[in-house]
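Each residue of the sequence shown is one higher than the one before, starting from 19 at the first, in our numbering.
A couple of the hints might just be wrong.
Lysine to any residue pairs mimicking SDA-like chemistry, simulated, CA-CA at most 20 Å apart [unchecked claim]:
1) Lys42 / Phe25
2) Lys42 / Gln26
3) Lys42 / Tyr30
4) Lys42 / His31
5) Lys42 / Leu28
6) Lys42 / Ser29
7) Lys42 / Leu27
8) Lys42 / Ala32
Simulated from the structure, these hints should not be mistaken for laboratory data.
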Amino acid sequence: MLANVQFQLLSYHAATQLERPIDKPRNLAKSVTVE
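Working from the sequences, and respecting the hints, build out all of it.
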């Protein structure tokens, strides 16, 4: 469980260093469609 938090912090800091938008992932497909 503690390793999950560490990996999340690592990916957060990597994204901020690369100046990538954290709240808008590039390759995330929509899983739910609304009619």
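Outcome of the hint check:
no., hint, in the structure
1, Lys42 / Phe25, "holds (18 Å)"
2, Lys42 / Gln26, "holds (16 Å)"
3, Lys42 / Tyr30, "holds (13 Å)"
4, Lys42 / His31, "holds (15 Å)"
5, Lys42 / Leu28, "holds (17 Å)"
6, Lys42 / Ser29, "holds (14 Å)"
7, Lys42 / Leu27, "holds (17 Å)"
8, Lys42 / Ala32, "holds (15 Å)"
Every hint from the earlier list agrees with this structure, and none is contradicted.
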